[in-house]
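Protein chains in written order, with this note's numbering: chain C, 20 to 393; chain X, 20 to 393; chain D, 655 to 988; chain P, 655 to 988.
Keep in mind that the hints were calculated from the coordinates and are not lab data.
Keep in mind the model is a prediction, meaning the values are calculated, not measured.
Don't take each hint at face value.
[Stated by the list, open to error] Output of the computed footprint for chain C on chain D, the stretches with three or more beta carbons under 8 Å from beta carbons of chain C: (1) 745–751; (2) 855–863; (3) 935–945; (4) 949–959.
[Stated by the list, open to error] Computed list of chain D residues with no C-beta within reach of chain C, every gap over 10 Å: (5) 711; (6) 760; (7) 763; (8) 764; (9) 777; (10) 799; (11) 819; (12) 823; (13) 963; (14) 964; (15) 967; (16) 969; (17) 970.
Ideal placement from N, C-alpha and C gives every residue a C-beta, glycine not left out.
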Amino acid sequence: MDLDLSPVEPFRAEVRDWLRRNVPATPLPSLETEAGFAAHRAWERTLAAARLSVVSWPEEYGGRGASPLEWLVFEEEYYAAGAPGRVSQNGINLLALTLFAHGTPGQLGRVLPPMAAGEVIWAQAWSEPGAGSDLAALRATATRADGGWRLNGQKTWSSRAAFADRAFGLFRSGPAAERHRGLTYLMFPLDADGVTVRPVGRLDGRPAFAELFLDDVFVPDRDVIGEPGQGWTVAMSTAGNERGLTLRSPGRFLAAADRLVALWRAHGADPLLRDRVADAWIKARAYRLKGFETISRADDAGAEASVNKVFWSELDVELHETALDILGADAELDGDWLEGYVFSLAGPIYAGTNEIQRNLIAERVLGLPREARR
Amino acid sequence: MDLDLSPVEPFRAEVRDWLRRNVPATPLPSLETEAGFAAHRAWERTLAAARLSVVSWPEEYGGRGASPLEWLVFEEEYYAAGAPGRVSQNGINLLALTLFAHGTPGQLGRVLPPMAAGEVIWAQAWSEPGAGSDLAALRATATRADGGWRLNGQKTWSSRAAFADRAFGLFRSGPAAERHRGLTYLMFPLDADGVTVRPVGRLDGRPAFAELFLDDVFVPDRDVIGEPGQGWTVAMSTAGNERGLTLRSPGRFLAAADRLVALWRAHGADPLLRDRVADAWIKARAYRLKGFETISRADDAGAEASVNKVFWSELDVELHETALDILGADAELDGDWLEGYVFSLAGPIYAGTNEIQRNLIAERVLGLPREARR
Amino acid sequence: MRFVLDTEQRLLGDTLHGLLTKAGTPALIRRWAAGDHDRTLWSALGETGVFALAVPERHGGAGPLPVELVVAAHELGRHAAPGPIVETLAAAALLDGSAAAGPAAEWLPRIAAGQAVVSLGSPGRIRRALDADAADLILLADGEHLFSAVPEGPAVRALDPARRLFPVRQVERLATGPAVPRAAATAYDLAALACAAQLLGLGRALLDVTVKYARTRRQFGRPIGEFQAVKHHLANALTGLEFARPLAYGAALSFGSPDFPRDVSAAKAAASDAAYATARTALQVHGAIGYTDEYDPSLWIRKVRALRSAWGTPADHRARVLAAVPEVRGESPR
Amino acid sequence: MRFVLDTEQRLLGDTLHGLLTKAGTPALIRRWAAGDHDRTLWSALGETGVFALAVPERHGGAGPLPVELVVAAHELGRHAAPGPIVETLAAAALLDGSAAAGPAAEWLPRIAAGQAVVSLGSPGRIRRALDADAADLILLADGEHLFSAVPEGPAVRALDPARRLFPVRQVERLATGPAVPRAAATAYDLAALACAAQLLGLGRALLDVTVKYARTRRQFGRPIGEFQAVKHHLANALTGLEFARPLAYGAALSFGSPDFPRDVSAAKAAASDAAYATARTALQVHGAIGYTDEYDPSLWIRKVRALRSAWGTPADHRARVLAAVPEVRGESPR
């Protein structure tokens, strides 16, 4: 057992140096605004030009073939430098991982490079009004058409969709009674005929997601991922990744915890809040070390993704609640900490609520019996 | 709406004055020891001699017919004075309330005066090894015999039974398949032929409860409470009271919270613990005021007992955990706070676990649907 | 001793609930946030006597009636009514107690009648005046001086879009003397109590709407309210609110006694925690929809977060409580 | 970088687990509490090399090997092994570092071989020496002086009956100089780390036994482990333990670096909280039986509560962590 990071120190130094020279001195506007979205897209292009937008991908698609450890180190440096949020995150962390597992060579070659370059920004289109946590209850349909499929129905909580270019999601291509079976995984453009995008404001009023109304939207066969009808299985590989380290890397929390300590000190280091500040810092380190443990293991400990997701999502809320308590009467004022707080509140809800994750942990890791089903 | 306590101030003054003159200067030994039990029994006799052992009962049974408000005030003064724990509590708060509702005049006359006088100390005998939270799964039996019943089976977690005189509980007089039906409520002596009492230590090693083994124990008909086979209904009236104010009166927590504040100040008023100390004090006051609200209402808000039980049992644990954290490295040493902590840990478990209470609150107060049953 | 609302007090609550339901506060909140300060609701509240509760009879009011103020603030919170209502109530106490005879005679009858919208600030304690651009009068209490004030710049953007917070600067001195800080202290306590009551009303409304949602929203083939996790979240929310309420009424009844500040602080700390925990539960049980700007309960959730640290943070109030707990006579046995 | 135990380290854990399972610690704990200080298990631990992990090679040991110490302490905690094991390990570091050549040469080989039971105290930090009446040597580190010591009166009654805590007084000076406080600091950190690892083992054992109980115990016609409330309690316990573990191994790997004290403190605070939360869950899920003296897991529950505040409370350790966090270069954007 060791924690010898010296082999990756040259890579860390290169990343740190590049970021020091390139991270905008002034924070970009919120990426949940039109101007902010454009600025973040431009930043993705800057990253891509330095081959830093998707370091862990193979070189042929715009990456550097970085190891998981190098990726973790990249993330540490990225957030420590206060670099902008990643507007390409849905594509890079969800769709791309699915494509690597299930995509055709043609899809990989067509989809990944523009994603890496920040030319095409992707939105996810999972949820529907009647199917949030219970994704198997999806009702939006994909119907066979000449050379492709026709999409109909409604998607909701589609993050980034207010300003993104394309979206991916599951659609029902078989009878609803089949639930997990009979779903197909498709990609479609948000500016296609028949797509209506209605931006929806989140808690701070910013349009962080959108509703999508789909009226006979044509999708060619080549934009189906995996076999038609096998979308659930295909999507679950994405979901597994979504719930692991990639969705929120340890680097984010290390940086946020350092900022929290600085905020606490700047406000007089109130001993009343000392334990909570320390806990946030300790937990961020715990997540970092847990990440090293995860990538050191050959086997993929399935529900570990659930354990990680519960941990980081609650840490994120606690960390930001502590920051707001440090700010006291000023907590309600707009600013980085308030936006971070609003963002953190979604953590325990999305990508499988923490209640569902706890069920999975109890049943899959601890072996407790499943509930009586109706 | 008012909080005018002036009409009960003379009563308060009388109680306070008597306690000031009579509460032992040195704390009695723990009532979970043989010597301590005897000392507490003697204290009950002292209380009874001053007609202060059961102030809310009718005068004919040893009480003063005190109003609910007077009872609350009595409890406030009693615990503020640091008076000894009540070894008669099982009898006074559980059995007596059931007898007032369901007992015959003969039973009332025979059972209550010696209970009030501290001459007969009662233990409860509800749980069985296979029936803790799920009381309807009881298996110990009461079988018809000439002039009475024969008890067989095992009871457990029988609090006070290591040293008490008599016990009360439910026994199955019909088929087990009937669950809630076919139970009978009986009283029996702990020194009767066929009763074996095996004291069981709690977390601090003190024998706070016992196992009872019953082998053809004869109980005369006059010691059945209510109709045979109706024991569940009879017991539920006791349970309702058990879960309300009487099991842990607000006065206990007001006194404990004042002691906590004193402890915190004596240890340097560490700001790190300030919020938790303040919360305990605030919650004790909240419970006091909630008690005034409860007795001001004509209607009995059923599951209010569950709300109260969850609240005080968690307050009790929090309050004692805070005390132990104030004591720091000395927290593990024997003493009042540690014994109070051990005692508090039983609160969320007994008299219906807090998990069950939360179900009751959700279903009976909030109207959420019951779970699917098998 | 009868520690429950009497018939008349309950009637006041019912009347306000009816009025506010009819007014349709969600639309009003959104309009208020957009700068539309229509006073129809304000006038109606005045006619119902809400503002008169803080104004003494000699100035055309019926107060101070702290219990009724808690009843009213609870309903106003339950409907998340927008505008500087608490501030106007506090301003009444401040004007009345500051020995500012002229301004009191000028403004108190108008406040009582619902014809004046007042905001206020106080260096250190209340650094920004709520909805100052909608106010007929802005008060600024600074030590022994009471001033009128005007906004000094635009509103600061805040989480609750209907809370528009303005820095202000003094314009004219209205009163000077030791009565000013005394009145400011009373005004602060009354406002903190009204704020606590609002939080309880906000929490109650969020609990109700979340219970309703959990009864009807189905996932995995059953209403989500059937799941124990959801049940226990909601049972905890109820328990917190149930025990914070008597603290608020208890504080109201100690108005005028030396215990009033301590009791107000106990109520504000407990109400802040209970309402905030309920808001978090509401969000978690609703899922993404509760996180949505256009879903009405999100207006309640945002207001709870804001009021939690308005008129003193929970930590401020807990410190005040402990400072007021007397020394006990040594450590007594259990 | 490979941040998982290697084969040999896993083997050490498995060996100890086997040894301790066979030894039947519950009976040993009860005997130890009753004053029976039989050394069969102690010798066996010595033969397995547990104590040698803290003793340098020149004194007959194999250490210091902090990772292996964490592995061993985890298993010792998992079985709640009684006796001053952590104290003896800390004593080895103290003797080794204190420039007390004679006592070191005398005691360290015996410690390494499992032939010496040592306890220790330190004014301010460790006010009572654990199991002092069972010890061959009691050390007392006070400023620049290292003393041997003897018990001064009977054991103080404590929650965990197998933890017998004695006030001690100094007898003979063994060493003096600046090396003593340095060695005492290292010994303290190593002990706190071993204590953290014990807590993780205790927590793991409590989680395992509680999961097993929840699978088989039936109430209301089903195993209680089917209820969501029970599931979520246990999932939370697992999550806490899972994230405290890497902190303990991370701290072991920073032994000798300036980060060691900070990393030990992070591990001790997190392990204390995780193990204590697990103990509370174990108690709640078991119900009354978990609260029972004669039910073995109650021995684990009591030990967790005791170790939570032994070798520094969580608050002490959190303060130490924050004191060691460097100033960041100003508040960076998100």
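How the hints compare with the structure:
1. 745–751: Coverage by chain C is violated for the stretch 745–751 of chain D (0 residues, Cβ < 8 Å).
2. 855–863: Per the Cβ count (0), the hint is violated.
3. 935–945: Check passed, 5 qualifying residues.
4. 949–959: Result for this restraint: holds, n = 4.
5. 711: holds (34 Å)
6. 760: holds (30 Å)
7. 763: holds (32 Å)
8. 764: Since the minimum Cβ distance to chain C is about 29 Å, residue 764 of chain D lies beyond 10 Å and the statement holds.
9. 777: holds (12 Å)
10. 799: holds (22 Å)
11. 819: Violated, since 7 Å does not exceed 10 Å.
12. 823: holds (19 Å)
13. 963: violated (5 Å)
14. 964: violated (7 Å)
15. 967: violated (5 Å)
16. 969: violated (6 Å)
17. 970: violated (8 Å)
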